[in-house]
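My numbering numbers the first residue of the sequence shown as 1 and each following residue consecutively.
Mixed in with the good hints there might be a few duds.
[To be verified] Calculated pairs, EDC-like style, for lysine to aspartate or glutamate (alpha carbon to alpha carbon, straight line, at most 16 Å): (1) K92 - E106; (2) K25 - E40; (3) K88 - E77; (4) K85 - E54; (5) K25 - D10; (6) K116 - E19; (7) K88 - E106; (8) K41 - E54; (9) K101 - E84; (10) K101 - E39; (11) K116 - D99; (12) K97 - E26; (13) K97 - E77; (14) K80 - E39; (15) K88 - D99; (16) K80 - E40; (17) K119 - E106; (18) K119 - D99; (19) K101 - D10; (20) K62 - E106; (21) K41 - D8; (22) K121 - D99.
Just so you know, the hints here were simulated from the structure itself, not pulled from any lab data.
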Amino acid sequence: MKNYKVKDVDTYISSATIEARPILKELRNIIMSTVSHVEEKISWGVPFYRYHGELGGFAVYKNHVTFGCGGADLQIEDRKILEEKGYKTGVKSIQIKFDQKVPIVEIQQIMQTKAKTNKAKRPIR
Numbered sequence: 001m002k003n004y005k006v007k008d009v010d011t012y013i014s015s016a017t018i019e020a021r022p023i024l025k026e027l028r029n030i031i032m033s034t035v036s037h038v039e040e041k042i043s044w045g046v047p048f049y050r051y052h053g054e055l056g057g058f059a060v061y062k063n064h065v066t067f068g069c070g071g072a073d074l075q076i077e078d079r080k081i082l083e084e085k086g087y088k089t090g091v092k093s094i095q096i097k098f099d100q101k102v103p104i105v106e107i108q109q110i111m112q113t114k115a116k117t118n119k120a121k122r123p124i125r
């Protein structure tokens, strides 16, 4: 669901289907609690997070929620682990079907790694 009319993440989540809302809320909580000082906004019509650069975001579709890694490729090891647990992955994304649990630990690790990488690339002043 790309909704270019929503102005904040709360509205995006409340506009989603009932099946998607718990996943969206959990993803939001994971991101916000894993990376301190993360910037939350709507970008390209979906919730998106920044921390010294692109961090990631999520979007709801007909039968799943996609979590994207903000321009970064998922590590091969992460993809393998997620696929073994039944998640469909893309080069930069994870699909979470409405009947699947959110892979909390894996997403936390992905966010921590991405935040650390972003901060390391930040120009020194």
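Hint check results:
For the hint linking K92 to E106, the alpha-carbon distance of about 14 Å falls within 16 Å, and the restraint holds. The hinted pair formed by K25 and E40 meets the criterion: a straight-line CA distance of about 13 Å does not exceed 16 Å. A hinted pair counts as satisfied when its Cα atoms are at most 16 Å apart, and K88 with E77 qualifies at roughly 14 Å. At most 16 Å may separate the alpha-carbon atoms for a hinted pair to count; K85 and E54 exceed this at roughly 26 Å.
With a C-alpha separation of about 9 Å, the suggested pairing of K25 with D10 holds against the 16 Å cut-off. Simply put, K116 and E19 have alpha-carbon atoms about 33 Å apart, too far for the 16 Å limit, and the pair is violated. Using a Cα cut-off of 16 Å, the hinted pair K88 and E106 holds, with the two alpha carbons roughly 14 Å apart. In summary, the hint linking K41 to E54 is supported, as the alpha carbons are separated by about 11 Å, within the 16 Å threshold.
Of the pairs offered as hints, the one joining K101 and E84 holds, with about 14 Å between alpha carbons and a cut-off of 16 Å not exceeded. Simply put, K101 and E39 have alpha-carbon atoms about 25 Å apart, too far for the 16 Å limit, and the pair is violated. For the suggested pair K116 and D99, the alpha carbons sit about 31 Å apart, so the restraint of at most 16 Å is broken. Of the supplied pair hints, the one linking K97 and E26 holds, its CA atoms being roughly 14 Å apart against a limit of 16 Å.
Annotation: proposed proximity of K97 to E77 is violated, straight-line Cα distance about 21 Å (limit 16 Å). As the CA atoms of K80 and E39 are separated by approximately 29 Å, the hinted pair breaks the 16 Å bound. The hinted pair formed by K88 and D99 meets the criterion: a straight-line CA distance of about 13 Å does not exceed 16 Å. This hinted pair does not check out: K80 and E40 have alpha carbons roughly 29 Å apart, beyond 16 Å.
With a C-alpha separation of about 20 Å, the suggested pairing of K119 with E106 is violated against the 16 Å cut-off. This hinted pair does not check out: K119 and D99 have alpha carbons roughly 35 Å apart, beyond 16 Å. Of the pairs offered as hints, the one joining K101 and D10 is violated, with about 21 Å between alpha carbons and a cut-off of 16 Å exceeded. In summary, the hint linking K62 to E106 is not supported, as the alpha carbons are separated by about 24 Å, beyond the 16 Å threshold.
In summary, the hint linking K41 to D8 is supported, as the alpha carbons are separated by about 6 Å, within the 16 Å threshold. This hinted pair does not check out: K121 and D99 have alpha carbons roughly 37 Å apart, beyond 16 Å.
Of the hints listed earlier, those the structure fails to meet are numbers 4, 6, 10, 11, 13, 14, 16, 17, 18, 19, 20 and 22, in rising order.
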